[in-house]
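Q: Using the sequences and the hints given, assemble the complete structure.
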Amino acid sequence: MNTTFPRLLQNHAQSRPGDDALREKEYGIWQPMSWAALYTQVNHMAHGFHLAGLARGDHVVVVGANRPRLYAAMLAVQALGGVPIPLYQDAVATEYVFPINNAEVRFAVVENQEQVDKLLDIQPDCASLTHVYYDDPRGLRNYKQAGLFSLDALVHEGENAAAQAPGFLSAQIDACQPDDVAAMFFTSGTTGNPKGVVHTHRSLLDRAQAGADFDHLTNREEVLAYMPLAWIGQNIFSYAQWLCCGYVVNCPESAETITIDLKEVGPTYYFAPPRVFEGLLTNVMIRMEDASPLKRRLFHFFMDVARTYGPKRMDGEAIGLWGRLLYGVGDLLIYGPLRNNLGFSRVRVGYTAGEAIGPDLFTFYRAIGINLKQLYGSTETAVFVCLQPDNQARADTVGVPCAGVEIKVADNGEILVKSAGLLKGYFKNPEATAEVLTADGWYHTSDAGFLDAHGHLKIIDRVKDVGRIQGGSNDGAMFAPKYVENKLKFFQYIKEAVAYGDGRDKVCVMLNIDFDAVGNWAERRNLPYAGYTDLAQKAEVYQLVLDCVEKVNADLAADQLLAGSQISRFLVLHKELDADDGELTRTNKVRRGFIADKYGVLVTALYEGKTQQFIETAVKFEDGRSGSVSATLKLMDATTFAPVGQAA
Amino acid sequence: MSRDIGDVILDVNNISLRFGGVKALSDISFDVREHEIRAIIGPNGAGKSSMLNCINGVYTPQQGQITFRGQTFSHMDSHQVAVMGVARTFQNLALFKGMSVLDNIMTGRNLRMKSNLFMQAIRLGPAEREEIAHRKRVEEIIDFLEIQPYRKTPVGQLPYGLQKRVDLGRALALEPQVLLLDEPMAGMNVEEKQDMCRFILDVNDEFGTTVVLIEHDMGVVMDISDRVVVLDYGKKIGDGTPDEVRNNPEVISAYLGTGH
Chain A
570 MNTTFPRLLQ NHAQSRPGDD ALREKEYGIW QPMSWAALYT QVNHMAHGFH
620 LAGLARGDHV VVVGANRPRL YAAMLAVQAL GGVPIPLYQD AVATEYVFPI
670 NNAEVRFAVV ENQEQVDKLL DIQPDCASLT HVYYDDPRGL RNYKQAGLFS
720 LDALVHEGEN AAAQAPGFLS AQIDACQPDD VAAMFFTSGT TGNPKGVVHT
770 HRSLLDRAQA GADFDHLTNR EEVLAYMPLA WIGQNIFSYA QWLCCGYVVN
820 CPESAETITI DLKEVGPTYY FAPPRVFEGL LTNVMIRMED ASPLKRRLFH
870 FFMDVARTYG PKRMDGEAIG LWGRLLYGVG DLLIYGPLRN NLGFSRVRVG
920 YTAGEAIGPD LFTFYRAIGI NLKQLYGSTE TAVFVCLQPD NQARADTVGV
970 PCAGVEIKVA DNGEILVKSA GLLKGYFKNP EATAEVLTAD GWYHTSDAGF
1020 LDAHGHLKII DRVKDVGRIQ GGSNDGAMFA PKYVENKLKF FQYIKEAVAY
1070 GDGRDKVCVM LNIDFDAVGN WAERRNLPYA GYTDLAQKAE VYQLVLDCVE
1120 KVNADLAADQ LLAGSQISRF LVLHKELDAD DGELTRTNKV RRGFIADKYG
1170 VLVTALYEGK TQQFIETAVK FEDGRSGSVS ATLKLMDATT FAPVGQAA
Chain B
352 MSRDIGDVIL DVNNISLRFG GVKALSDISF DVREHEIRAI IGPNGAGKSS
402 MLNCINGVYT PQQGQITFRG QTFSHMDSHQ VAVMGVARTF QNLALFKGMS
452 VLDNIMTGRN LRMKSNLFMQ AIRLGPAERE EIAHRKRVEE IIDFLEIQPY
502 RKTPVGQLPY GLQKRVDLGR ALALEPQVLL LDEPMAGMNV EEKQDMCRFI
552 LDVNDEFGTT VVLIEHDMGV VMDISDRVVV LDYGKKIGDG TPDEVRNNPE
602 VISAYLGTGH
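So the protein lines, in turn, are chains A and B.
Numbering of the first sequence is given in the numbering used here, commencing with residue 570 and proceeding in unit increments.
Numbering of the second sequence is given in the numbering used here, commencing with residue 352 and proceeding in unit increments.
Simulated from the structure, these hints should not be mistaken for laboratory data.
Computed from a predicted structure; not experimentally measured.
Check each hint, because a few of them may be wrong.
[Claimed, not checked] No farther apart than 25 Å at their CA atoms in a straight line, the calculated lysine-lysine pairs in the PhoX-like style are these:
1. B:Lys487 x A:Lys832
2. B:Lys503 x A:Lys594
3. A:Lys687 x B:Lys544
4. B:Lys487 x A:Lys594
A: What follows is the structure, encoded as structure tokens:
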């Protein structure tokens, strides 16, 4: 698309000034903001930033939840030729130091006191940072630090200046070109410092438009924005596509009210990482268990019906009269009310992205009539690479290449992508850029996968993580840790899994149980427990987990490529893996290497065949204090199966 | 903190309270300045709650006067106290368990409603407009106390820490000048206590509300109060800043016992 973010805003403000652009729930009421009002606010902010000395090309850090004024601030920065850098609002302060210094950031726009405190903490290490603006003044009345301003004050100053220079914003917007840098996203990086992914207006908007065309999005869509803006998925769905299509973005009241807000808004276009869908499903299942026996039986009966006919129905296949009738009754009694309860009554297009989704989970949503699909993409590709067409959603593939994308598979199995949405480069990091972006325009995704017979892309794992078993009975077999971990995580009782096997004679995994799901399971069996650590080591829980592991093994045995990745031994960890302890990335992916170092004794014990092992681990609490957890962990063997198709 | 502590707003003079032969309070005097956080501490049975009940008009002391904003009373009338701008929370919570959070806080607005029961029942124009205005204020309190997710939840279903917060919300709905908090942190875990501390400090900071609180947890009291009164067996044994009180030998012996 040959345009820029601020120009799109200008178009909406001129062509449909009275239509709603944003809604925010405040004081119990959805408060709308029209495109005209948004434009005016952006105008005032732009004047304010200009007066404060924001120059073309300056980077501005944005930290906070989805708030209308943060959106306006990003637009104002972009209108002035600046580059917003959204950062994760739940990161600890020290994680902001690198991005701020790397991009020599002078300006920051943050949501509230919590974020202000974090930036003030690191200010001594960030000499360049001179202006911090906050949206919500609560608790900040008595902060007297130099360089701390409220957005109210900024808007107020800008308002006065805007009256003096009416043509200023239009001139600034005209000066902004599609090939200028529009935004920068720091990737969470599993090793080393994060890298700043530089995107232009053209690259982000090209992909946003391609996605919108693919799903025929209109300006009548309703979207609920609740994932961090620093995640490119959220940024594309609720910012780039919002401006492309001109639909309404709804900002929830608070992080805790999302399920309530979802019901009230009834989004038509919805996206979330798998864990959100999983959380919702777990909730439904737990509540169903508490329902009266009649309701429970009705639910289970019609869910079986839904699993039989629902996916076929979504894929547009013919269903017999009996099936249609049964499904119709189910829709009336169960699926309809359930969709309504989840807030999905109006969902026309739903996406899961960010990670692989479990087949049961995926099928559940499609079975009850929600058009849930998968897509493939990354920060570097501005999300849209592959998308699943409405009638061809599969749990194990990620769809077909969408318009404007070329895909090829390299000899080592790596997927290469070429599109107009590729990153301009990594910020101040030409070596890293050269590693992923070849001169002829191919981006190396570092994902291993292949295109199946129907032209759908299937992802196996990260290229660098795909390894080989060495020694033992499966010598030389292919090992894809993430593939194994995902299969485990698809069970509701297992929250996280870390698999090891590359260069070793067998596959061993360390697991986290899902405290809610297993806790509930235990309560139903009158199994008392004192907390996570205690529950995790119960013999009954180990048996439960063993079942899951052996099911995965049976499943893997049927896979020609990965039959050798079956799990020989496992243990359940004594503490939940946590991003604050550096064990997960901010997007909740396991940092396998880090965990192997930290829990070295456990890994050794697994491979040495011990049956139990003592461990003590330091933990960081949310309020910054630290403590330690210790436990003696059980280590358990799991049955493996002979590969299907070979003599048993 | 830069909020300006003003003149004496509440002055308690020589209060004595007896229940038959039991001397709950003897000859207690202290003052509370505008915008400050004033704590009353003491071991069990020291007379802390009795003191609050005297200020609040629940008990009538046999001796002494209470001066509030220049007016002197020998006994306070609870309704009149509320009209004058003194609100309180209760140690054992006094919420309507079956009613939603919203409705509970709305009851705190009762005093400020002008329309009568009949007008409200038939939703007469002025009554409805008034309700909307009050609802707005209640929503601001809900936002302030961060209890939006529980707006429509019956209070009885909430965990204890949140119920305490609703209790505080109901007191705030009165838009009080002086807030009396009876053990706001009793029975809470560390995290809930920290939250509650923050809310008390924020109330004091944002609305300029004078806070008189009774608390058991010495750590909390010392952290957030400007001045502390210490009671023991119905007598005042200390009064001053947290530091002064902490070093007062009588207080130390009351709390830790004396060496013999």
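Q: Confirm or reject each hint.
A: Status of each hint after checking the structure:
| no. | hint | result |
| --- | --- | --- |
| 1 | B:Lys487 x A:Lys832 | holds, 22 Å |
| 2 | B:Lys503 x A:Lys594 | holds, 15 Å |
| 3 | A:Lys687 x B:Lys544 | holds, 22 Å |
| 4 | B:Lys487 x A:Lys594 | holds, 13 Å |
Of the numbered hints listed earlier, not one is contradicted by the structure.
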